[in-house]
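Taken in order, these protein sequences are the chains called W, U and D.
So the first sequence is numbered by our numbering: it starts at -15 and just counts up by one.
So the second sequence is numbered by our numbering: it starts at 74 and just counts up by one.
So the third sequence is numbered by our numbering: it starts at -2 and just counts up by one.
Keep in mind that a hint or two might mislead.
One-sided and incomplete, this derived list gives chain W residues near chain D with beta-carbon spacing under 8 Å [claimed, not checked]: (1) Glu152; (2) Leu155; (3) Asn305; (4) Asp330; (5) Lys332; (6) Glu346.
Negatives, chain D to chain U, calculated, CB over 12 Å [to be verified]: (7) Ser32; (8) Ala70; (9) Lys130; (10) Asn184; (11) Ile253; (12) Glu309; (13) Arg315; (14) Arg318; (15) Ser343.
The hints are simulated quantities; they were obtained by calculation from the structure and are not laboratory data.
Quick reminder that beta carbons are idealized off the backbone N, C-alpha and C, glycines included.
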Amino acid sequence: MKKYDAIIIGAGHNGLTNGAYLAKAGLNVLVVEKNAYIGGAAVSRELENGWIYSNCSYVSSMLRQTIHRDLNLTKHGLVLVPYLGTVNFGDNGKPLIHYHDGNVGYNHLRQHSAHDADSMFKFQADLTRYAQLIRKTLMRTPPNPTSFKPRDIKELLWLAKQFWGLGEKELYEYMRFFTTSAEEFLDDYFENDLIKAAMASPGIIGTALGVYSPGSAYILLHHVMGDVDGNIGAWGLARGGMGAISNAIASAFKGFGGEIRTNAGVQQVLVENGKAVGVVLENGDELRANIVVSNLDAKRTFTKCMDKKDLPPGIYEKAKNFKIRGSSGKVNIALSGLPKFTNLPDNKFINQGGQGFVGSLETMERAYDCWKHGLFSDDPFIETVIPSAWDPTVAPPGKHWMSCFVQYCPPVLANGGWNAKQKEAFGQSVIDKIERYSPGFKDLIVHKEIRTPVEIENEVGLTEGNIFQGELTIDQLLFNRPFPGYAQYRMPIKNMYMCGASTHPGGGVSAACGANAAREILMDLRKPNTVPEDSFYDE
Amino acid sequence: MNTLMNSNHDLAAAYEDEQLQVTHFHARSSKFNIREAWTAWNGYKFADYYYDAQYEYFCVRNSCATYDICPMQKYYITGKDAMTMLNRLVTRDISKLNINRVTYLCWCTDDGRMIDDGTVFRLSEDKYMLTSGSPCIAWFKKAAVGYDDVEVTDVSDEIAALAFQGPTSCEVLKKMGLEGIENLKPFNIMHFPFKGDSDKKLTISRTGFTGDLGYELWIDPSQALDLWDELYLAGEDYNIHPYGETALNMARIEAGFILPGTEFNEALKTVHLHHDQTPFELNLGWLVDFKKPHFNGRTALLKDKTDGPEYTLVKLDIDGNKAADDSYLYDSKKCKNHIGYITSTMWSPVVKANIALAMVKTKYIKGQIWAEIYYSKEIRPKQKIVECTVVNKPFWAPARARATPPLRY
Amino acid sequence: MNHYDTIIIGGGHNGLICATYLAKKGQKVLVLEASTELGGLAATREFSPGFNASVAHTLSHFSAKVAKDLNLAAYGFDFNAAPMTNIALNSDGEHVIVEGWGASSKLSGVSDKDKESYREYHQLLKRFADLLKPFWLKTMPRIGHSSLKESLTYAHLGLKMRMLGKHDMGEFMRVATLPARDLMDENFDNKQLKALLSWDGLIGSKMAPRSPNATILSLLYRMSGKYEGAHALPKGGIESLINALKSAAITAGVEIRTGAKVKKISIKADENGLRSEGVELQSGEQLLSNNVASAVDPKRTFLDMVGAENLEIDFTHRINRLRCEGYVAKLHLALSDLPKFTGLDSLDGRMVIAEEMDSIEFAFDDAKYGEASQKPVMEIVIPSLADSSLAPKGQHVLSAHVMYVPYKHKNGWTEEAKAELYERVIDTLASYAPDIREKIIAGEILTPLDLEQQYHVTGGHWHHGELSISQMLMMRPTYEAAQYNTPIPGLYLCGAGSHPGGGLMGGPGHNAANEILKAKQ
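Input sequences plus hints: build the corresponding full structure.
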């Protein structure tokens, strides 16, 4: 029987990235994927003839451009196209439009609040400063603060130096920012409810926290620290849908000799003498390898794919306690035409951007309260994008599709599990809200796909449908991710690694987790490092 | 059917919200903009130049010219605590500023880093007008926290303002019938009934940003076009012409005036530690009055003064005629030890010199300063190392600019 | 005119402690208290004829060092009271009871597994609390200056963390910022127990079980005391502590004036800058001193007494943005007799009404939007059982902290709104003590707004400022005022708004006195 150098569980973008760097180093690598298609949560699916949904993640900003360039993803078919602006619809009145042009944007903000238009400059400068520091850590392995190894001490000192470089006051402000709520953070800059709501939106996406919860300010940063061509906070579309990213990485992986097997769900990781030696597939096939890398989330890896008795004491409990809460839903809608929004100029650049539907922090927080009660909100926060307005490859000409990301949607409803009726009602709540801002929207609907955390878990494999593979709170960030002592991609079982978003730097289509894990694996195997150092636009 | 692809789609309506604002003088000034050379300032459509930048520059130096300062930010600070609030905000002592006087000043962060510079006008006992190049309302509102009776109002869009500069400017204003204008001293304010109507007030301050004789005219927007017409009628025989940003920039470098984003980074918009400046670094120590017991940044500034600023802004006369844009400065021709950088540079047509403003590490100011200049000759890059001389006085400071009444042009 | 070494504004426990330390070192010290009684939120006052109560109704982490340094035992403060039994009430009478504390505690109403977990949980937290303990009574130096003091303090902290060992150190860094809910869920099954144990991290704050980042630190702070997180009522009640502090102060030579409300801190302004030179009283009287130490909350100290015109703009902004809105109301009931709580024989414990963590969470949700909780949660003590002088013979006082009651009611705190809240709280009580209404002679509920007005504490916040990470340690209340000295030379902070924070602890007063004495040398 063939023995691989490495088997990677899960053909999501991080698994494929990990595979690509291992294969590049000359390893014989197999990626096994439970679905018939690859991509995990960075996937394009044609569920209605002619319409291609990015039915999980839908926009790109965090993908490390270093990796894009290093793996030559453009050659493998990836084109990332930035989009220009975003609109935020308040509860009534004039929507807030983020224009790409500085002077135009300033004028528009000034119509909402002269104070906030001015404050926005400081806000952007501060956020850029925060983002620049975090960005430097994305492609580095977190130090273990409890270790005395020279490497860890060196890395800790490096980290300290970065923080010290902020100067005393900014250091305090940074700590505040890191631990505070999106509300408190934004109150420092803005007075206008709609502007605050618009700026807070990234602070709740994917998380089981509300805008009033301490810690939500960091989530906000997590979503804006990416960039497209050096524009921090800008977002883009992957031409052909988010699957184009996974496909390009897969193509690079195969180019290095890697092998992908689909319809190959893993039943269990094989452990012998305390060492991972391979996997058993759901169909009973046994595959052997020198190392096993899990791209699944930490909870699934240890509680579903491993035998508890193979684990050192305490690990099962850590995995069980790993916070990975489903809080988001998604509705993908195929449309016969471009929706028109009231109070919005009939301007194609605006339609090519994103839309946010929520007018105040209170509305956002109340939506979170519903989630706590095990309900989906009847007045949800929705972030939508119409990729087809800018990407000609994802819908027939003149036709469109809209990605609706919904916060919050509980993995379990208070009155029991999800059923078809409740799922429909959830989808309807989203459509109804959009209809309020776009009369006639319903008549444009050709097809829709409603995804509650249950569908996301079942199809993608993310526990509870958590899009980050684990909450991004301080207790699960950096050297705490996924658990203290195991943040360097090595798992408690010998020859076993993790490379998914449950590891540093966390969720988002960044490919950094996969690349970081590859660097660590190659180090253990005493192979030359194939993973590039991150290059920065701003040093 | 979506309307976006429709050929009848009303593009003007679709992009209406995206049009830059136009100033109160736009209906007139735009007629002069033969070259359609527009840029933007604070969201306003703004002329880079109108006909020819060099011509406009010489209007300022040779005859007279107008500069549309509507986009400049203007704030009223009013109330019983206005003076106390302002005096803590800015580094100069304005408690002695009399009514109808103007002064140039700057304001700093708690750490003594410059946020912006501008002018303050005392309009009455409890009313001041503060002007600045960039928006500052958020900071001013912060600065008003804790006072019982002070209000900060953004009146940027509600006042029409026109700078009127050049040797013949006073003559033109006299011709407009503004009696006594020749007696207006620098940094003083006078009020006139506009077109003889006492309900329409024209306020004139003897201020400007060109280093030459000049005034700034302030009026209600409803009277803006009339003011333009009156002024241009009176100035017809004196070669009146509008000037744009390029000409202004030339004039202000000769006068040694600083610009945000060029000589200094506005502190509140600065991302990197200490990439902003203190007034001492900008050679504006004279704006910092330590006799005042307290003002924002005092402790930090006192330390900066005592320790000596790391950099100091200097005026340089550079050998040769090649513009030293973005050049590094060195302490010897060998270009080993990097001691500073050029912030603004130009060939001065009136002085006939290659001049520049530069930030130089304070301890090297007295020594040799060499600039490494890159330029291009028909596409081929060229490099040159030339010596620079520190100049202490402004490159251009005619006596008429300060004399009252102004000297004969 | 009298010239003092130090004038202390505010005769709460921190003010008195700071004053006594200074006086013991020979300083001439004056304490000014706006109210007629000393003690601030711990002052005992008559809320109904013959019935007395203090807002603070138990002791948890009062500093043993302070008690010893000031010899409080000699002045009648009994620091040896046994910890109170903690009781998580259940309306069916099936209470969860934690008797004693720590290793020697006895739990009832929970599974054996939870009992075992509790022991482990407590030991772990105790190790963490012990790690932090020395730092509550230390000035936390500024960071980023590479000064010797800074290096030593933080190296000490780093060393202590290392000494926990790899596993505990890793856990410490994870657990420190966990929401209470997660920590409880990780450890226990019993809902009431989880609610009860999370309560101590949440009480007095604008946080609920799901709020990350500061709850566990709050809990560890409270565990730093003698009772390791449990509460106690000394013989003679809270009053005995305040009286002992007062006697200690007077014996040390401190001059105390009550009913002396400070209007402003006098600031000398000249070419040398600013310097505090004393205070001006509401009466117009001027008092001079070398130093002024304010035990009053930072917002009031800086914005009202110093004035923005004497401060830097961003500093003022940071004081202005301090989170110090209280979310706890205080209920005082004058009772004709002890009420009967279903299924409970003895009422000398600390009874918590919060049947599960969600009860706390959902009560919090109402308050977020400016409404008092529809289903309030609360902590109840009958202080008259420990101090019979609080009520006429045979009669009793019930004291309860009721959460969550916002400082700012969205429609304003009208009499009707207060009456409605009072009724709601009594109704809640009645479902645990059905006969309570029959026993009530009189009652009052003090919203945070009332606390602000009666006790001169901004926002009616117990701790003068939320114990959130950005308002803790070297950031409490904000940088540039976190080492007890302030931007105004000669002006110090010594109240709960400074490190380590609030509660009847004494740390701020103790630490501030150290800084004042050091500056003098």
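What are the numbers of the hints the structure violates, in ascending order?
The structure conflicts with hints 4, 5, 12, 13 and 14, although it agrees with all the remaining ones.
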